[in-house]
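**Student:** Chain L is already provided as a structure; the job is to place chain D on it using the hints.
Residue numbers (the numbering used here), protein chains in the order written: chain L, 183 to 359; chain D, -6 to 98.
Don't take each hint at face value.
Cross-link-like lysine-lysine pairs, in silico, DSS-like; alpha carbons within 25 Å at most [claimed, not checked]:
hint : chain 1 : residue 1 : chain 2 : residue 2
1    : D       : K61       : L       : K293
2    : L       : K192      : D       : K95
3    : L       : K293      : D       : K51
4    : L       : K217      : D       : K91
5    : D       : K65       : D       : K38
6    : D       : K95       : L       : K322
7    : D       : K51       : D       : K61
8    : L       : K322      : D       : K91
9    : D       : K97       : L       : K322
10   : L       : K217      : D       : K95
11   : D       : K97       : L       : K252
12   : L       : K284      : D       : K91
13   : D       : K36       : L       : K293
14   : L       : K293      : D       : K56
15   : L       : K217      : L       : K284
16   : L       : K192      : D       : K91
17   : L       : K217      : L       : K322
18   : L       : K192      : L       : K252
19   : L       : K192      : L       : K217
20   : L       : K284      : L       : K252
21   : L       : K217      : D       : K97
22   : D       : K29       : D       : K19
23   : D       : K38       : L       : K293
24   : L       : K322      : D       : K51
25   : L       : K251      : L       : K192
26   : D       : K36       : D       : K56
27   : L       : K284      : D       : K95
28   : L       : K251      : D       : K95
29   : L       : K192      : D       : K97
30   : L       : K251      : D       : K97
31   : L       : K250      : D       : K97
32   : L       : K274      : L       : K284
33   : D       : K65       : L       : K293
No lab work stands behind these hints: they were computed from the structure.
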Amino acid sequence: MEESFVENSKRESFIFDTSAFISLESVSLLDIVLKNFHITTSPSVIRELENFAIHNDQLGEIAQRVLKKKTMILSEAPMQLQPLSYVSDTDKDLFNLALSRKIALVTDDVKLVRHSIGTISTEFSPFFLTVFTEAGLFQKNEAIQKLETMRSIRNWRNNTIYLSAIRELTLGKDNNI
Amino acid sequence: METEQLNLRVSQDLVHDIDIVTGLLKVNRSEWIKTKLAEEAQKEKNRLLMELSTLYAKGMITKDSIEKLVGKEIAEEMEFIKEAAIESVRRGRNLGRKLRGKLKA
Chain L
183 MEESFVENSK RESFIFDTSA FISLESVSLL DIVLKNFHIT TSPSVIRELE NFAIHNDQLG
243 EIAQRVLKKK TMILSEAPMQ LQPLSYVSDT DKDLFNLALS RKIALVTDDV KLVRHSIGTI
303 STEFSPFFLT VFTEAGLFQK NEAIQKLETM RSIRNWRNNT IYLSAIRELT LGKDNNI
Chain D
-6 METEQLNLRV SQDLVHDIDI VTGLLKVNRS EWIKTKLAEE AQKEKNRLLM ELSTLYAKGM
54 ITKDSIEKLV GKEIAEEMEF IKEAAIESVR RGRNLGRKLR GKLKA
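Excised from the complex, chain L in its bound form (with noise of 0.2 Å):
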């Protein structure tokens, strides 16, 4: 793997499901945020890529390319296990990494996120796109094309979070982008 300018053992690290992998990798930026951070996942969210990646349709496709880059990516089970409510077993598993990691969760899962108020750090996928934008990588206009792209496949809780990462994006007060 090509080393990232900044220092390896410097780098942040945070917990992926598989919300934020598809939504990355839908407008290829995953390589990017696997060059620049430690990126971990569960076990169970590496078969639900896998399921995703036997059918022949959009996320079909997007998952394959996630899962090419598998090596890149630390698949971890988590050791405790605290109940969590209403949610799935994979987000059960995703939820507890985080808490014991002390390390923030990448989704786009809105349920999954209210959940956790409180007890863990949530980062919705376009938190990469702000990142990369500010520091220097991607011009705004890009960032909010990629966004634009993001919201184009999936839900209206998504095109919620995406627009309303593009209004932030261009609104925001303290914009220096």
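**Tutor:** Here is chain D on its own, set in the frame of chain L:
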């Protein structure tokens, strides 16, 4: 799952068409109608909520108006998502500033 009975009157032509379809598919007529109705309702619900969420995220409609149109639950969820997305973008901006010039494309 609780159910509710809907009383519908449809044209004989439509009944005839449905009978042809369900006869060819060899499926129960009522079950086929219920499945198609559920599929169409889900598709239309998502299409309309996509439009509503677009208006809300762009600041063209208020939460109160959404609540009047589709109820408190969806209005509160949209508000939650919008606020969480804005906060996430702001945290991303702060991290990006710290990492300016230190990331590789």
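**Student:** Against which earlier hints does the structure fall short, listed by number upward?
**Tutor:** Of the numbered hints given earlier, the structure breaks none, since each of them holds.
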